[in-house]
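Undergrad: Each residue of the sequence shown is one higher than the one before, counting from 1 in the UniProt record's numbering.
By construction, these hints were calculated from the structure, which means they are not laboratory data.
Cβ atoms here follow ideal geometry from the backbone N, Cα and C, with glycine treated the same way.
Treat the hints with caution; some may be incorrect.
What the hints assert, rightly or not - Have a look at the derived ranges for each label pair, beta carbon to beta carbon:
1) Ile17 to Lys168: 19 to 25 Å
2) Gly136 to Leu34: 20 to 26 Å
3) Gln18 to Lys102: 34 to 40 Å
4) Gly172 to Ala100: 31 to 37 Å
5) Val23 to Pro43: 20 to 26 Å
6) Trp165 to Ser104: 19 to 25 Å
7) Arg152 to Glu60: 15 to 21 Å
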Amino acid sequence: MHAVVGVHPGPGKTVKIQEEPVVYPDHDIMLLKLPSPVTNINPIPLPDNNECNTKPGIGEPVQVAGHGRYQIDNKGQPKPGQPTRLKCATMKVSKCDTEAIKISKPNEPIGNWICYQRNNVGTCVGDSGGGVEYQGKLRAVHVSGRTDGCTRQGISLDVCKYKEWIKKTIKGK
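All chains, full assembly: derive it from the sequences and hints.
TA: Right under this line is the structure:
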């Protein structure tokens, strides 16, 4: 497994993850330990507890980042290949299509999701694990990349729901 660090503005550096990832049981989120400290980047902070008390509202903008497929063929399907630089898009928070999500993500509670979309813009295969920024903080982690045109609703997990687990896991390492 690999991680790309220092990707904005790019091109970033690929590092090999040497330890087993720490996976939250039955949820689509995990933590990776980098083999050595990265000193030449400014990490995005997690929201504080007050910021976690309120979810982003419907229609509010979020920045979504990823290395997923980004070109669509004339049939509306994603073309092979991934960008060499991190791609970012401003999308609007939307009401989650809970019935569709329950099929692909049956273990995550509905309240842990943040969804977003924008006409003719979307997330795609390869974007999973990318950050979702809201008001300058890492508010969510993208978990669902589409394979059917990549313009449907994006789905992420709200990091606020996992903050205690994140802190406990990092402290224990």
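Undergrad: Enumerate the violated hints, using their earlier numbering and listing them in ascending order.
TA: none
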